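Peer 1: Quick note, the sequences are listed as chains A and B, same order.
First residue of the first sequence: 1, per this note's numbering; consecutive thereafter.
First residue of the second sequence: 73, per this note's numbering; consecutive thereafter.
Careful: at least some of the hints might be erroneous.
In silico lysine-lysine, DSBU-like type, Cα no more than 30 Å apart, as pairs [stated by the list, open to error]:
1. B:K104 to B:K136
2. A:K48 to A:K68
3. B:K138 to B:K101
4. B:K104 to B:K128
5. B:K138 to A:K6
6. B:K94 to B:K168
7. B:K104 to A:K68
8. B:K168 to B:K136
9. B:K138 to B:K128
10. B:K136 to B:K167
11. B:K101 to B:K167
12. A:K48 to B:K138
13. B:K104 to A:K6
14. B:K128 to B:K168
15. B:K101 to A:K48
16. A:K6 to A:K69
17. B:K94 to A:K69
18. B:K128 to A:K69
19. B:K104 to B:K138
20. B:K136 to B:K101
21. B:K136 to A:K6
22. B:K94 to B:K138
23. B:K101 to B:K168
24. B:K138 to A:K69
25. B:K94 to B:K167
26. B:K94 to B:K136
27. A:K6 to B:K128
28. A:K48 to A:K6
29. B:K168 to B:K138
30. B:K167 to B:K128
Derived from the structure by calculation, the hints contain no laboratory data.
Fair warning: this is a prediction, and the values are worked out from it, not measured in the lab.
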Amino acid sequence: MSEDQKNKLNDIRAVSFGNNIGEITTSLEIITMLLQIDSDAEIISACKSKLMEGITLLRNLGYTEDSKKFEI
Amino acid sequence: MLSQLIYVSVRSSNCDEIEMQKILSSCIKNNKNVDITGVLLYSDTKFIQYLEGEYKEIMGLYDKIKLDPRHKNVIMVSGGPLATRCFPSWQMGSKKIADNEVNFKTNMSDDEKKEFAALISGEKTSSKAIDLIKKFF
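Kindly generate the complete structure, drawing on both the sequences and the hints.
Peer 2: Right, dumping it as structure tokens:
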């Protein structure tokens with residue numbers, strides 16, 4: 001894995017959703033985009049992991065309908 | 073070494089239009105001092121920025137951006153060496169675009185969308201792909 005890919009991986013793993021609904025959904029949109037365009041197995045795995053984390057958070061906050069938009 | 077870097081980030085909810093003007097002003101002022109050029113596309117909720125300059129300088133700027141509270145969840149999507157600058161005279165061109173354009177639902181053709189996706193995934197740094205970014209301007 002190149003240095004740039006490592007940086008990308010670290011950035012994805014460092015994603016913190018917080019509790020602002022707008023910022024959570026925007027973060028999930030960005031992760032979904034990365035998931036669609038990257039072919040590296042580790043990046044895809046990190047994106048899926050973060051996607052699950054964000055979806056779970058949305059559900060826990062009561063935004064079940066919003067969470068469905070990000071289900072694969 | 074001349075390099076390029078593209079990142080995406082969440083525009084913090086407290087980053088209003090006044091803060092945006094401050095960002096754009098400081099980009100133009102500070103980037104000139106370190107010979108960084110590029111473009112900043114932003115919507116109400118996201119940033120996507122293309123930076124070009126010496127590797128050390130753009131990485132230094134990237135580290136600062138990651139600590140800027142106006143950005144959240146900054147993610148590098150592409151980086152690498154660059155033969156020649158694509159925006160040599162732009163300290164930081166900028167444009168506000170609609171959210172759906174950030175999601176690539178633009179008037180680009182399917183082939184152009186693939187090229188743009190390849191660019192931001194780091195698979196390509198071709199001038200053709202950069203031309204697609206220029207379509208936003």
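Peer 1: Each of the hints needs a verdict: does it hold here or not?
Peer 2: Do the hints match the structure? See the list:
| no. | hint | in the structure |
| --- | --- | --- |
| 1 | B:K104 to B:K136 | holds (16 Å) |
| 2 | A:K48 to A:K68 | holds (15 Å) |
| 3 | B:K138 to B:K101 | holds (19 Å) |
| 4 | B:K104 to B:K128 | holds (15 Å) |
| 5 | B:K138 to A:K6 | holds (16 Å) |
| 6 | B:K94 to B:K168 | holds (14 Å) |
| 7 | B:K104 to A:K68 | violated (45 Å) |
| 8 | B:K168 to B:K136 | holds (22 Å) |
| 9 | B:K138 to B:K128 | holds (15 Å) |
| 10 | B:K136 to B:K167 | holds (21 Å) |
| 11 | B:K101 to B:K167 | holds (17 Å) |
| 12 | A:K48 to B:K138 | holds (22 Å) |
| 13 | B:K104 to A:K6 | holds (29 Å) |
| 14 | B:K128 to B:K168 | holds (28 Å) |
| 15 | B:K101 to A:K48 | violated (39 Å) |
| 16 | A:K6 to A:K69 | holds (28 Å) |
| 17 | B:K94 to A:K69 | violated (34 Å) |
| 18 | B:K128 to A:K69 | violated (39 Å) |
| 19 | B:K104 to B:K138 | holds (20 Å) |
| 20 | B:K136 to B:K101 | holds (15 Å) |
| 21 | B:K136 to A:K6 | holds (18 Å) |
| 22 | B:K94 to B:K138 | holds (17 Å) |
| 23 | B:K101 to B:K168 | holds (19 Å) |
| 24 | B:K138 to A:K69 | holds (27 Å) |
| 25 | B:K94 to B:K167 | holds (14 Å) |
| 26 | B:K94 to B:K136 | holds (15 Å) |
| 27 | A:K6 to B:K128 | holds (17 Å) |
| 28 | A:K48 to A:K6 | holds (17 Å) |
| 29 | B:K168 to B:K138 | holds (21 Å) |
| 30 | B:K167 to B:K128 | holds (26 Å) |
In the structure shown, a violation is registered for the earlier hints numbered 7, 15, 17, 18, in ascending order.
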